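**Student:** If you're matching them up, the sequences are chains L and R in order.
For the first sequence, numbering that gives the first Met the number 0 assigns the number 0 to the initial residue and increments by one for each residue that follows.
For the second sequence, numbering that gives the first Met the number 0 assigns the number 0 to the initial residue and increments by one for each residue that follows.
Some clues are possibly wrong.
A partial selection of chain R residues facing chain L, derived with a Cβ cut-off under 8 Å [claimed, not checked]:
no.	residue
1	11
2	21
3	56
4	67
5	104
6	110
7	111
8	119
9	129
10	131
11	147
Partial list, derived from the structure: chain R residues whose beta carbon lies under 8 Å from chain L [said to hold, decoys possible]:
no.	residue
12	24
13	39
14	43
15	44
16	50
17	81
18	100
19	121
20	124
21	156
22	159
23	161
In case anyone wonders, no lab produced these hints; they're calculated from the structure.
Quick caveat: nothing in here was measured; it's all calculated off a predicted structure.
Idealized CB from N, CA, C, for every residue including glycine.
Protein chains: 2
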Amino acid sequence: MADFTEIRKGEIKLPFDPADRGEATVSFIGHIRSDWSRGHGPRNVGQARGMGGGNARIELRPGYAPGLTGLAVGQVIWVLYWMDKARRDLIVQAPRHADGLRGTFALRSPVRPNPVSMSAVRITALDMDSGVIGIDATDAFDGTPVVDIKPMLDTVDIPPPA
Amino acid sequence: MADFTEIRKGEIKLPFDPADRGEATVSFIGHIRSDWSRGHGPRNVGQARGMGGGNARIELRPGYAPGLTGLAVGQVIWVLYWMDKARRDLIVQAPRHADGLRGTFALRSPVRPNPVSMSAVRITALDMDSGVIGIDATDAFDGTPVVDIKPMLDTVDIPPPA
Chain L
0 MADFTEIRKG EIKLPFDPAD RGEATVSFIG HIRSDWSRGH GPRNVGQARG MGGGNARIEL
60 RPGYAPGLTG LAVGQVIWVL YWMDKARRDL IVQAPRHADG LRGTFALRSP VRPNPVSMSA
120 VRITALDMDS GVIGIDATDA FDGTPVVDIK PMLDTVDIPP PA
Chain R
0 MADFTEIRKG EIKLPFDPAD RGEATVSFIG HIRSDWSRGH GPRNVGQARG MGGGNARIEL
60 RPGYAPGLTG LAVGQVIWVL YWMDKARRDL IVQAPRHADG LRGTFALRSP VRPNPVSMSA
120 VRITALDMDS GVIGIDATDA FDGTPVVDIK PMLDTVDIPP PA
């Protein structure tokens, strides 16, 4: 577990912890299984692909498998997952890999008021009976809770040129 | 408010309501302001653009404006928002606009175990002092709670070809 009291030069903490101000609840639909663990994983899903993907799959909880009806191997989906090990109270951060300070909403860091991460991944296997979905890669640690799965839709997900 | 007991032919309900099984909490960072309301809005953000965008903006709550540091007008962001008027217990749905039944995870419907929707939108204005972000369009009703804002990153958000 990271030291949640540590703060780097220039970082700004919120005057409250969003974890203490719940207004809606999330119920996990399943978990990501992968080869990664804290300190032993890629920085993002692009880097994960370069590292072989990480034997990535999603195991849905009982009851959710029928929700996969209509998805197919080869299709790209969004996976939304809950970074349950991340602190939630930093609003300006000094990331190790970036030069200078950045606002949380200008970063994809897991440290954010609501620690939902998202990745666009390709379905490599689909078992409708067991509710297991193979995906081409993940950057998530083994056991990361999953919040949602959505189909990627070019008409919705790619905005028109400026 | 929709009738949450209604069920169309072939639709499947979960044996529980995810709203009753909270495992993590969401704290809203702000709200979307728009011209849309229930029954008077576009189906998705693409259609919203065709309808003029809807005077769309995000109003952040106090404390969150510094999180915008590093974002710029013209940039594309992901907005994650909470569809707080949607039921959460349907796992197979019969959408009006689609032929046949589809699993919830094969749809972008607001009806899902965790009602988080997401749109890729372009920043049209940015007021760092007040924490107001103009965006080119939204499909969200006026007052929809916002869960997160993230920068779109082509290297992460566009998977390589199959």
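**Student:** Each hint: holds or not?
**Tutor:** Okay, the hints, checked on the actual structure:
no.: 1; hint: 11; verdict: holds (5 Å)
no.: 2; hint: 21; verdict: holds (3 Å)
no.: 3; hint: 56; verdict: violated (15 Å)
no.: 4; hint: 67; verdict: holds (5 Å)
no.: 5; hint: 104; verdict: holds (4 Å)
no.: 6; hint: 110; verdict: violated (11 Å)
no.: 7; hint: 111; verdict: holds (6 Å)
no.: 8; hint: 119; verdict: holds (5 Å)
no.: 9; hint: 129; verdict: violated (15 Å)
no.: 10; hint: 131; verdict: violated (13 Å)
no.: 11; hint: 147; verdict: holds (5 Å)
no.: 12; hint: 24; verdict: holds (3 Å)
no.: 13; hint: 39; verdict: violated (20 Å)
no.: 14; hint: 43; verdict: holds (5 Å)
no.: 15; hint: 44; verdict: holds (6 Å)
no.: 16; hint: 50; verdict: violated (14 Å)
no.: 17; hint: 81; verdict: holds (6 Å)
no.: 18; hint: 100; verdict: holds (7 Å)
no.: 19; hint: 121; verdict: holds (6 Å)
no.: 20; hint: 124; verdict: violated (14 Å)
no.: 21; hint: 156; verdict: holds (5 Å)
no.: 22; hint: 159; verdict: holds (7 Å)
no.: 23; hint: 161; verdict: holds (6 Å)
Comparing the model with each numbered hint stated earlier shows that hints 3, 6, 9, 10, 13, 16, 20 do not hold.
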